[in-house]
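A.B. asks: Listed below, chain by chain, are the residues.
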Amino acid sequence: MGEARQVPGDSILPLRLEEVSFVAGGKTIIDRVSLTIEAGPRTIILGPNGAGKSVLMRLCHGLLEPTSGRVVWNRPERRGEPRRQAMVFQRQVMLRRSALANITYALKLAGVPWRERERRAYEALERVGLTHLAKRSARVLSGGEQQRLALARAWALRPEVLFLDEPTASLDPGATAEVERIIEAIHAAGTKILMITHNLGQARRLGDEVVFLSAGQVKERASIDDFFTAPASAEAEAFLKGELPWLYHDVASPASAPLRLRR
Amino acid sequence: MLLGPCGGRVFHTGGLRLDVIVDALAQAIGLITRLDPTLLEIVWLSLKVSLSAVAIATALALPIGAAIAVSRFPGRRAVIVLLNAFMGLPPVVVGLLVYLLLSRAGPLGHFGILFTPTAMVIAQTILILPIIAALARQAVEDAWNEYREQLQSLGAYGWTAALTLVWDIRFSLVTAVLAGLGRAAAEVGAVMIVGGNIEGVTRVMTTTIALETSKGDLPLALGLGIVLVTLVLLLNGAAQSLRDLAQQRYG
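First to last, the protein sequences are chains A and B. Residue 336 is where the first sequence ends in this note's numbering, and the numbering goes up by one at each step. Residue 609 is where the second sequence ends in this note's numbering, and the numbering goes up by one at each step.
For the record, the hints were derived by calculation from the structure and aren't laboratory data. One should not assume that every hint holds.
If you anchor each label on the Cβ, the simulated ranges turn out as follows [unchecked claim]:
#1 Arg148/A <-> Val437/B: 38 to 44 Å
#2 Arg192/A <-> Ala417/B: 34 to 40 Å
#3 Gly446/B <-> Ala262/A: 19 to 25 Å
#4 Leu521/B <-> Ala258/A: 29 to 35 Å
#5 Val437/B <-> Ala305/A: 51 to 57 Å
#6 Asp83/A <-> Leu603/B: 47 to 53 Å
#7 Leu600/B <-> Ala258/A: 38 to 44 Å
Here a beta-carbon is modelled for each residue, glycine too, at the ideal position from N, C-alpha and C.
The following block holds chain A by itself, in its conformation from the complex (with noise of 0.2 Å):
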């Protein structure tokens, strides 16, 4: 799919959080975070529960408002135009008609005119492996294959960021490493991705930086190697310490362990 549309200073990206707050009933969830996103290495969420991956994702991808602090696109969004920027959910929702008219529905949106509209999304769906599943309504496909058509109608956006909640949080071990091999084409193809994700495992394949959550702060930001073999924050060691205790207590692991992350 034709990605490179962007003439250099048009592009959304870099987004700059600017000492951005989120607090809902009297719970700060997101702390004062700064932060820039650049075009470019695939960013990873990580943090323990409660961290407020979401909510900080939600708070770029514009379905939240931060209660302080500011949310800046290099190049700002308006209602009405069409959206540069696309969003795959841990759970899928999909309209009730049939896959195909799922994605044309989201082309509508973003203002491609329809007669493009369909040649698109087969594209989108050929991409993802569910041609032949066009014409079969969304709702009754499997949950693998919900997700790879949800990643069919954000990629048939052509997104400058795809941000990525926990997209393989409910899928078996097949599903999530095709959802996988989705990601990185949609990556190869010019789209800069944020993903939040709980498998370690995934965020070492898929990721080119981590950005460290804990209790709504940043408390790190370091790439995939420094992050998981020297973390330089407390946190973040507590937090790979308990996620992969094998690698910090020898006598209970056994020595191949630790090749279980790499690629």
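Dock chain B against the given chain A, drawing on the hints supplied.
C.D. replies: What follows is chain B alone, placed relative to chain A:
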């Protein structure tokens, strides 16, 4: 046939013998199978009045329900409570209010539509509007909670989002509309008061059943009762099949 409750033989419940009931039932079935013109006329007027009321109420109630579902405004909770409470409006009270509005001295008296089918349509519309609006509100709100983030992510806001939502849950909304139709077709109080139960003009199934039973003309009452129950059953059967079909096809 005379008008009024004292127009015919009066049966007391205790005085009804089984053979009278069986006889009346046979006659009732006869009326239906022969397509008795009086019976048909009454059924036809019932359908006209109730379907008109449903059409008008639906056109008003769906947008109202959807708007309340997706918007946030002060007093919203109170509106929802009120709407839900109005689902149980007593038909006679609605009839009384519409009667007062349309009576010669009332604010809308100069239209001269009291005791006409139009008045009955108005009364039934008021009666079922809250039902359809409240059920639609619930259905749209549930869907909105499920769809909101996805639709916003895709860039669907305001009316675009609302229309997408309503179209996507159209089969659930059919249930809301049919609930309204069932209520309209079965109620007797409102149409009795504002229609006046005038033979050949404003007599519908329910008012005729009430009148003929008190007069003792059981065959017509029973015949209409059978037709009414059959219609309600058919409607609900159709609604259920539609939902099943939709569930199967669209998930």
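A.B. asks: Lying within 38 to 44 Å: is that true of the beta-carbon distance Leu600/B to Ala258/A?
C.D. replies: holds, 41 Å
A.B. asks: Quick check: does the Cβ-Cβ distance between Gly446/B and Ala262/A fall within 19 to 25 Å?
C.D. replies: Cβ of Gly446/B to Cβ of Ala262/A: about 58 Å, so the range 19 to 25 Å is violated.
A.B. asks: Quick check: does the Cβ-Cβ distance between Leu521/B and Ala258/A fall within 29 to 35 Å?
C.D. replies: The hint (29 to 35 Å, Cβ to Cβ) holds, given that Leu521/B and Ala258/A are roughly 34 Å apart.
A.B. asks: 38 to 44 Å was suggested as the range; check whether the CB atoms of Arg148/A and Val437/B agree with it.
C.D. replies: The hint (38 to 44 Å, Cβ to Cβ) holds, given that Arg148/A and Val437/B are roughly 40 Å apart.
A.B. asks: Between Asp83/A and Leu603/B, does the beta-carbon spacing fit 47 to 53 Å?
C.D. replies: Roughly 48 Å apart at Cβ, these two residues keep to the hinted range, so it holds.
A.B. asks: Quick check: does the Cβ-Cβ distance between Val437/B and Ala305/A fall within 51 to 57 Å?
C.D. replies: At 54 Å between Cβs, range holds.
A.B. asks: Take the C-beta atom of Arg192/A and the C-beta atom of Ala417/B, compute their distance, and say whether it sits inside 34 to 40 Å.
C.D. replies: Holds, at about 38 Å.
Taken one by one, the earlier hints fail for this structure only at number 3.
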